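Colleague: Each chain, written out:
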Amino acid sequence: MSTVNASGWRPEMGESDVKAAETFTGNRALMLEEALIFEIGDSHTTGVFLDPAPKVHPGRGGWELTGEIGLPGLSEPETVRHYTRLSRQNYAIDLGLFPLGSCTMKHNPRLNEKVARMKGFIDVHPLQPQETVQGALQVINELAFWLVDLTGMHGVAMSPKAGAHGELCGILAIKAALDARGEDRPVILVPESAHGTNPATAAFAGFSVENIPATPEGRVDVAALKARLGPDVAGVMITNPNTCGLFERDLKVISDAVHAAGGYVYCDGANFNAIVGRVRPGDLGVDAMHINLHKTFSTPHGGGGPGSGPVVLSEALAPYGPIPFVAKMPDGSFKLVEEEAAGEMHPETFGRMTAFHGQMGMFTRALAYIMSHGADGLRQVAEDAVLNANYVLRSLEGTLEAPFGASGPCMHEALFTDNGLAEGFSTLDVAKGLIDEGYHPMTVYFPLVVHGAMLVEPTETESKAALDQFIGALRSVANRAKQGDPSLKSAPHHAPRRRLDETLAARKPVLVWKEMELPVAAE
Amino acid sequence: MRYLPLTDTDRQAMLATIGAASIDDLFVDVPEEARLTGPIPGLPMHASEMAVERHFSAMARKNMAAAHHPFFLGAGAYKHHVPASVDHLIQRGEFLTAYTPYQPEIAQGTLQMLFEFQTQVARLFGCDVANASMYDGSTACWEAIGMAVRVTKRSKAVISSGLHPHYVSVAKTMARFTGDTLDLAALDMAQSDNARLLSSIDGETSCVVVQYPDILGRIEDLSAIAQKAHEHGALLIAVVTEPVALGAIKSPGEMGADIVVGEGQSLGVGLQFGGPYVGLFACKEKFVRQMPGRLCGQTVDAEGKRGFVLTLSTREHHIRREKATSNICTNSGLCALAFSIHMSLLGERGLRELAALNHARAVQAADRLTQIPGVTLVNDSSFNEFTLKLPVNARDVVHKLAAKRVLGGVSLGRLYLDQAGLENGLLVAVTEVVSEEDIETFASALQEVLA
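These protein sequence lines map, in sequence, to chains A and B. If you want the numbering used here, it's the position in the first sequence, counting the first as 1, plus 10. If you want the numbering used here, it's the position in the second sequence, counting the first as 1, plus 16.
You may find that some hints are simply not true.
To be verified - Keeping only pairs whose Cα atoms sit at most 30 Å apart, straight-line, the calculated DSSO-like set for lysine-lysine is:
id, chain 1, residue 1, chain 2, residue 2
1, A, K338, B, K321
2, B, K188, A, K338
3, B, K321, A, K518
4, A, K345, B, K321
5, A, K338, B, K420
6, B, K420, B, K405
7, A, K524, B, K405
8, B, K300, A, K345
9, B, K405, A, K65
10, B, K321, B, K339
Just so you know, the hints here were simulated from the structure itself, not pulled from any lab data. Just so it is clear, the structure is predicted and the values come from calculations on it, not from any experiment.
I would like the entire structure built from these sequences, with the hints used as guidance.
Modeller: This is the structure in structure tokens:
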């Protein structure tokens with residue numbers, strides 16, 4: 011009698027030796043192939059029926075469209091089916107554990123979606139008279155207060171559109187503060203374990219970037235950093251908890267040294283989920299930190315955005331933050347401080363970063379999440395996130411090498427390397443093997459400071475049973491990679507697609523659909 | 017607690033596996049003086065689903081929703097009717113709760129959608145290629161200016177006075193830090209900026225940036241500017257804040273633009289008080305390796321089946337770090353999906369019908385509003401947005417109209433602070449959601465306010 015595991019599967023039964031025939035459609039039962047809209051639609055079909063346009067004398071100025079644009083239309087039933095079929099080729103948090111390190115793929119509560127769609131939020135224009143949008147301004151203001159209090163900072167810039175845009179905001183505030191002091195400090199220091207966006211942001215703002223090495227235990231080398239400080243250093247960009255999943259325990263020491271040398275401390279807040287309610291970055295001397303609302307505060311990732319990256323600022327940098335922002339006035343009303351009021355209320359602002367006021371649709375969702383959890387629940391979020399990560403880290407001891415396992419507990423994510431895999435087997439093979447097990451793989455090959463990195467962030471919204479099954483799956487795949495199981499090299503076998511040829515895609519880029527040219531017969 | 021599945025029994029068992037006595041042992045690396053010992057004082061504790069909903073309903077009621085009133089605002093954000101299936105489809109968890117498609121074998125849904133989106137945007141703009149979206153139109157605009165600097169290795173951008181003033185502000189913010197020079201001029205309701213643009217293009221110019229239709233709703237031929245720019249080795253960047261217009265007027269690409277960027281909010285996304293929106297970014301094929309942002313490309317899998325992947329990532333920060341073409345990471349995937357679904361529902365026929373209806377309603381509104389004594393039309397040409405010159409300051413008029421429950425446009429005085437000659441300008445957008453009754457209500461209210 012074979013053993014049935016928790017999901018009802020008897021692994022040792024194996025597959026039937028009767029091989030299924032290829033299907034006529036290419037479909038495999040519920041796994042449905044779907045053509046492109048350009049192959050199934052045409053320019054005469056539409057799924058939208060409008061009132062007829064009244065007859066008027068056109069006043070377009072002579073630039074009327076004459077040619078064909080080439081946009082196919084689908085009827086509504088075809089549209090619904092097309093996108094429903096496409097959706098089923100995606101992995102998502104709603105389907106299972108999504109342990110993508112540094113991305114904080116937690117459950118996205120549907121209450122957030124419900125409140126964000128209230129007419130009073132979704133159907134208001136950014137330039138409506140302020141007296142007609144007091145409730146929308148209140149949302150921004152309430153969220154701003156939560157973010158300031160949770161981080162122990164002085165102010166917050168709400169308009170940045172995503173994490174990297176928030177980084178830019180923080181770096182611009184630093185540059186504006188230096189300008190105000192009349193100082194030219196051209197260098198930003200970035201630890202080598204940093205997210206790639208950090209050096210890209212600093213370079214974009216005109217700084218030159220210098221790397222600071224990590225210690226063997228996976229933290230910033232404080233001595234090396236201190237040695238590099240000087241009158242040419244504008245500041246440091248540091249991630250805490252860092253991308254090795256460790257708390258930078260010397261951050262306060264670093265901040266004090268940077269401040270003493272006249273620089274500022276930017277903290278990448280991508281990993282704030284590990285410490286929300288347990289530690290305030292303001293208490294560690296941070297001058298600016300972006301908060302990814304789509305990570306810590308549960309707004310959906312949407313297959314690559316939209317995100318939202320408010321930036322909390324210290325007293326030293328807050329005066330330079332962007333416009334517009336929302337102020338609560340003594341009479342209890344809310345004021346959107348734009349160019350006009352900035353002269354009086356925010357004269358040193360570095361200006362606008364985006365056309366309007368930020369990601370309102372993400373603010374409503376994040377605020378609903380924060381209110382649901384409250385101060386007590388958010389603290390529990392951090393604790394459970396850290397507990398889950400440590401449980402994964404220790405449960406896989408003896409299976410995968412944890413390079414900093416001896417450095418003590420990890421924070422919200424557990425880091426492993428490819429050390430010990432069989433000759434010719436890599437982190438990529440483990441990742442693709444996990445796909446066949448029904449999981450989205452962890453973050454791979456990041457951070458760059460260890461070989462073949464595998465960064466696992468389970469988040470707090472996973473149950474112990476879900477973690478146990480994931481640990482079992484990862485252990486099984488890792489063992490196959492250590493034993494050199496050749497079937498792993500060609501995984502995934504059960505996904506909608508096998509391994510895709512990324513080299514071909516980059517060498518001969520096909521970025522838009524073109525009508526297939528019919529083969530021309532040789533004369 | 018809601019959203020947290022662990023029980024205390026689980027927690028104890030897991031701590032035992034880890035070998036920690038308590039949860040505090042996992043936070044030992046936090047310096048003692050920075051450890052918070054309990055919930056942060058002064059902040060509310062957790063709330064029930066009903067309590068949260070009640071709070072949000074109360075805040076939502078304080079806002080005047082566009083659908084409930086005659087509504088005429090535009091200036092870079094337009095109210096269009098979004099078919100019900102769009103919002104239904106983007107809420108499928110497989111789209112909503114997926115990540116950036118880093119593992120293409122299990123992200124073909126997002127990737128195929130992005131490939132279709134890129135093709136739709138490229139065709140709409142008359143360009144060869146488009147990327148997988150930017151944050152919004154304003155950030156796409158400054159990314160385009162930065163791209164032109166990389167392509168031409170020059171740093172002077174000539175900016176049309178008809179470019180949305182907030183887009184200009186964003187470009188100014190960035191230029192202050194990148195050291196690029198912006199050649200700017202004041203907006204003039206009496207004439208377009210084309211003559212100055214043509215005379216400003218020289219051998220130092222990286223790009224000319226022109227909005228189409230412009231901030232006042234005027235439509236100008238771009239081909240002369242494109243020609244002059246190309247003669248001097250500069251690029252023409254066209255900015256489209258109302259993509260529906262391109263169902264009625266020629267695309268900027270057809271007129272010779274090298275890079276076309278835009279705000280895609282009009283299709284599928286909605287007003288949302290300014291965000292999230294979706295930046296559109298398209299260009300000529302020869303510049304593709306200098307493009308910012310994510311790109312989706314077609315390829316094959318190990319069995320030869322067609323599939324899609326993110327590609328040309330050697331431009332991007334996770335590979336290039338400080339040498340990347342942009343720092344953009346998360347873009348606007350779900351809004352791109354909404355745009356693409358709406359565009360698929362419309363198709364070419366629907367887009368043209370929608371554009372025709374928008375234009376016709378706008379002409380009706382302009383005809384009616386200019387019957388009011390003292391109100392004149394600024395535009396010689398327009399799509400669904402035009403500028404009126406009122407006999408009085410338009411900012412006051414907007415507030416008085418709001419008091420009469422009419423959302424009657426955007427005053428130029430709000431967009432252009434203290435700029436002489438613009439204070440009486442009122443920007444009026446008229447889309448398919450505006451009925452003839454709405455136009456009449458607006459006209460009567462305006463007449464009363466001006467009386």
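Colleague: Look at each hint and say if it fits the structure.
Modeller: Hints, verified against the model:
no.: 1; hint: K338/A x K321/B; verdict: violated, 57 Å
no.: 2; hint: K188/B x K338/A; verdict: holds, 28 Å
no.: 3; hint: K321/B x K518/A; verdict: holds, 17 Å
no.: 4; hint: K345/A x K321/B; verdict: violated, 56 Å
no.: 5; hint: K338/A x K420/B; verdict: holds, 26 Å
no.: 6; hint: K420/B x K405/B; verdict: holds, 21 Å
no.: 7; hint: K524/A x K405/B; verdict: violated, 47 Å
no.: 8; hint: K300/B x K345/A; verdict: violated, 43 Å
no.: 9; hint: K405/B x K65/A; verdict: holds, 25 Å
no.: 10; hint: K321/B x K339/B; verdict: violated, 34 Å
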